[in-house]
Amino acid sequence: MKGLIFLDFDGVICDSLLETLVSSWKGYYLYRGEAEPAAVPVSLRKDFAGLRPYVRAGEDFILIHELIAAKTQVYSQEGFDALAEQRGAETIARYREVFYAARRELLNDQRDYWISLNRLYPHVRPVLESLASEPRLYILSTKKAKYIVEILTAKAIDMDPRRVLSCGAREKKDTILDVLQRRQAERALLVDDQIDHLASDWARDPRIQGCLAAWGYVQQQWLEYPRGIEVLQPHQLGERLRSWLDNSPG
Numbered sequence: 001m002k003g004l005i006f007l008d009f010d011g012v013i014c015d016s017l018l019e020t021l022v023s024s025w026k027g028y029y030l031y032r033g034e035a036e037p038a039a040v041p042v043s044l045r046k047d048f049a050g051l052r053p054y055v056r057a058g059e060d061f062i063l064i065h066e067l068i069a070a071k072t073q074v075y076s077q078e079g080f081d082a083l084a085e086q087r088g089a090e091t092i093a094r095y096r097e098v099f100y101a102a103r104r105e106l107l108n109d110q111r112d113y114w115i116s117l118n119r120l121y122p123h124v125r126p127v128l129e130s131l132a133s134e135p136r137l138y139i140l141s142t143k144k145a146k147y148i149v150e151i152l153t154a155k156a157i158d159m160d161p162r163r164v165l166s167c168g169a170r171e172k173k174d175t176i177l178d179v180l181q182r183r184q185a186e187r188a189l190l191v192d193d194q195i196d197h198l199a200s201d202w203a204r205d206p207r208i209q210g211c212l213a214a215w216g217y218v219q220q221q222w223l224e225y226p227r228g229i230e231v232l233q234p235h236q237l238g239e240r241l242r243s244w245l246d247n248s249p250g
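Our numbering applies: residue 1 is where the sequence shown begins, and numbers increase by one.
With a straight-line cut-off of 20 Å between C-alpha atoms, the simulated EDC-like cross-links for lysine to aspartate or glutamate are:
#: 1; residue 1: Lys2; residue 2: Glu134
#: 2; residue 1: Lys2; residue 2: Asp205
#: 3; residue 1: Lys144; residue 2: Asp160
#: 4; residue 1: Lys146; residue 2: Asp15
#: 5; residue 1: Lys144; residue 2: Asp174
#: 6; residue 1: Lys144; residue 2: Asp112
#: 7; residue 1: Lys2; residue 2: Asp174
#: 8; residue 1: Lys26; residue 2: Asp112
#: 9; residue 1: Lys146; residue 2: Asp109
#: 10; residue 1: Lys26; residue 2: Asp47
#: 11; residue 1: Lys46; residue 2: Asp15
#: 12; residue 1: Lys155; residue 2: Glu129
#: 13; residue 1: Lys2; residue 2: Glu186
#: 14; residue 1: Lys144; residue 2: Glu97
#: 15; residue 1: Lys46; residue 2: Glu36
#: 16; residue 1: Lys26; residue 2: Glu105
#: 17; residue 1: Lys71; residue 2: Asp81
#: 18; residue 1: Lys146; residue 2: Glu97
#: 19; residue 1: Lys71; residue 2: Asp47
#: 20; residue 1: Lys2; residue 2: Asp246
#: 21; residue 1: Lys146; residue 2: Asp160
#: 22; residue 1: Lys155; residue 2: Asp112
#: 23; residue 1: Lys144; residue 2: Asp15
#: 24; residue 1: Lys155; residue 2: Glu134
#: 25; residue 1: Lys26; residue 2: Glu66
#: 26; residue 1: Lys2; residue 2: Asp178
#: 27; residue 1: Lys144; residue 2: Glu105
#: 28; residue 1: Lys144; residue 2: Asp158
#: 29; residue 1: Lys71; residue 2: Glu85
#: 30; residue 1: Lys26; residue 2: Asp109
#: 31; residue 1: Lys2; residue 2: Glu239
#: 32; residue 1: Lys71; residue 2: Glu36
#: 33; residue 1: Lys26; residue 2: Glu97
#: 34; residue 1: Lys155; residue 2: Asp109
#: 35; residue 1: Lys155; residue 2: Asp15
#: 36; residue 1: Lys146; residue 2: Asp158
Just the calculated beta-carbon pair ranges, DEER-fashion:
#: 37; residue 1: Arg32; residue 2: Arg182; range: 41 to 49 Å
#: 38; residue 1: Pro234; residue 2: Gly88; range: 35 to 43 Å
#: 39; residue 1: Ala35; residue 2: Lys2; range: 49 to 57 Å
#: 40; residue 1: Lys155; residue 2: Tyr75; range: 32 to 40 Å
Derived from the structure by calculation, the hints contain no laboratory data. In this text, a Cβ means the ideal position worked out from N, Cα and C, and glycines have one as well.
Using the sequences and the hints, build the whole thing.
Here it is in structure tokens:
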């Protein structure tokens, strides 16, 4: 059967925790109409990292700062989603606007610094370098594709930008199914670190096999109870992708 591979970017290929922290820190104060403090509090990174697994899209990073400032405790994805919904569509749209405005400003004014905040996982880089020219390999992210291409280019990863996809507000499943149809392929492997993109009812399709990246922004409970999803350890990545390609002739 013809098969394709889709890799999430943040949390699978790239550790962008510092980049999203800095961009959303600037965006949060832009949202408040205030100048950001001269330095990020040391404690913020730990608090931010604790909520990072719940993020679905860029606007959620601004919500994280709101929750930290209000000392709001979050114990589940459902709780985080409910807090986001309470904000309303207008506020969420504003979160999205200021987050991407802050990111653009950093990229335009401090490009080298912004790039440095995005670290490719050491065990992923050689795998990606060896497979970057593979036409059946895609990157699929909620992050805008142009930012991913900027990072890959700066890291000397030579991958066709046409295979770097952003699903935007769509479910990843829908984008994958579109590509399967266009490529006349029959199945796909999706590696992601957000379990809802793999295990939720709205994410499931028999043509898509999911793997949860154990090294990403994951909750321990996802690893202990992965809801029937294969958990992929760092040392297994290269072998798993090559096995999929070997058994999915193009």
